[in-house]
Amino acid sequence: MSLALLAQATANGLSLAGLYALVSVGLTLVFGVMRILNFAHGEFVMLGAYASFWLFTLWGLDPLASLAVVLVLMTGLGALIQTTLVKRVLAAPHLNQILLTFGIAVTFQNLALLLWTGDLRAIKVWYSASSLTLGPVSLSLGRTFGIGLAMILTGLLYLLLFRTEYGRALRAVAQDPEAALVMGIPIQRVYILAMAIGAAYAGAAGVVASVSMFTYPLIGFLFGLKAFCVVILGGLGSVFGATVASLILGLVESFVGTFFAQGSSWAEAISFVILLLVLLLRPKGLFGVE
Amino acid sequence: MPLLELEALDVCYGDLQVIWALSLAVERGTIACLLGPNGSGKSTIMNSITGLVRPRAGAIRFQGERIDRLPTYEIIERGIAHVLERRRVFPFMSVLDNLLLGSFPPRGKAKRSDQLARVFALFPVLAQRQAQLAGTLSGGEQQMLAIGRGLMARPTLLLVDEPFLGLAPVVIRELLDIFARLNREEGMTILLVEQNVEMALGMSHRGFVLESGRLVIQGPAREVLESVELRQVFLGRP
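If you read the sequences in order, they're chains Z and U.
Just so we're on the same page, the numbering used here is the position in the first sequence counted from 1, plus 595.
Just so we're on the same page, the numbering used here is the position in the second sequence counted from 1, plus 11.
Just so you know, these hints were derived from the structure itself, not from any lab.
No residue lacks a Cβ here, since even glycine has one placed at the ideal position from N, Cα and C.
A few of these clues could be false.
On the chain Z side, residues computed to face chain U include the following (Cβ under 10 Å) [what the hints assert, rightly or not]: (1) Ala764; (2) Ala767; (3) Glu773; (4) Ala774; (5) Arg784.
Facing chain Z, a subset of chain U residues (Cβ under 8 Å, in silico) [claimed, not checked]: (6) Thr83; (7) Ile87; (8) Asp108; (9) Phe190.
Use the sequences and the hints to build the structure in full.
Given below as structure tokens:
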């Protein structure tokens, strides 16, 4: 095992981890605040990826620029889904909540199939071909941007949660919604904020993915599944846990893919084995409290 | 005009009615207590004042205006603080964060630093433990934090649900003194739910006694304490 290979695997792992983090912090935030598992979360990624693809294809907009558009659009979509749909099942049995969010997922998948067909879409931007070379490590510029973006957005979320009035309110609602109500916190607004952030961050992940991977109507399912692994591994509701778990899964998958024969086909399996082990030894996840 | 007025209140949980045609009034600047056996509906009344449960019929007025259809955050903004039963501090947040959450409403935020100084003066132990996680405080300290957090919104009316539950006598005396000071020094109106009848009536101007969701006795605290009916409610009817 050469040092160069190790460094390369770490760089690839970080790029994967950044993508996982962008998807999963929102999922865990929504669960922490509303106790709802959003099965349509992956579809936000898919929509973000398609938005990036079409903005590039139709208007030649660079994905780095579409990112701003996608963040705004997805914030709006998250708020809309919260106020029109999810709000209605907050007090309903879990089965109803699952049916609703799963229904939203299926609807979005089929809308995408209908509107944009099942073709694999890819965009070629100047930085997807060129790469950044640091000594023995070479990482495509697209992935480098992805890592940077994930770090910036995750950092911003931590700032929001720990340095602002509404961030404190979000944490309070997650710990005790009734006590938060009598603090005078407008709890429905906090729910909208959580869902909007979740959708925007997943949409950002979609933009990143659109540069380095194919876009098609079912990518949301894959991202959603991986995000669920990350969130359970990190502890349901813990944003910090989701960040750490993203790093672990991203790095492990990249290492397994690099250092084992036919490793890339094992990578997926290994991450589920880790998940099972953590669930056996520490059922609440790495940083869960319940 | 009373500060708080409940009029012919009916409250139900699903099909089960727990409060029956209840009317009561709390005058500005007084301490009142709500007494009654377990399950008589005391907490339900407190929770309907701040909109945590919604009455099926009747009206709740605060400073003369209906509040029973307002969202909870607007009720709090009008000047009611609610210290919930079992303290309910945010366990994984610092003492300071808990207090700052109490001043989330605009009326509290405007005078946040003044009010924080006031709360620290009332409860010096909270000042010492600002950075500590609220979940690691003792029961008495958690109760002080819960009350302090309520005061951060600068309420006109303070609702306190069973503040003495499970506390040491020395802490109870300290809290009794705090309530008396708040009432005397700031003219704060306090409505209190309590199990200990003598203590509650001893600190209050007026007492209300509930039995199975109905108001059965009300009057000046001393008269309630000496009434024959009080013994009947708590010790059973002959």
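Hints, one by one, checked against the model:
Satisfaction of the interface hint for Z/Ala764 is found here, the shortest Cβ-Cβ separation to chain U being roughly 6 Å, below the 10 Å cut-off. For Z/Ala767, the interface hint holds, the least distance from its beta-carbon to any beta-carbon of chain U being 5 Å, beneath 10 Å. Checking Z/Glu773 against chain U: minimum C-beta separation of about 6 Å stays under 10 Å; hint holds. With 10 Å as the threshold, the beta carbon of Z/Ala774 comes within range of chain U, its nearest partner Cβ sitting at about 4 Å, so the hint holds.
Hint status for Z/Arg784: holds, given a least beta-carbon distance of 9 Å to chain U, under 10 Å. The restraint placing U/Thr83 at the interface with chain Z holds, with a minimum CB-CB distance near 5 Å, inside the 8 Å limit. The beta carbon of U/Ile87 comes within 3 Å of a beta carbon in chain Z, closer than 8 Å, and the hint placing it at the interface holds. Among the interface hints, the one on U/Asp108 holds; its C-beta lies about 6 Å from the nearest C-beta in chain Z, closer than the 8 Å criterion.
At a threshold of 8 Å, the smallest CB-CB gap from U/Phe190 to chain Z is about 18 Å, leaving the interface hint violated.
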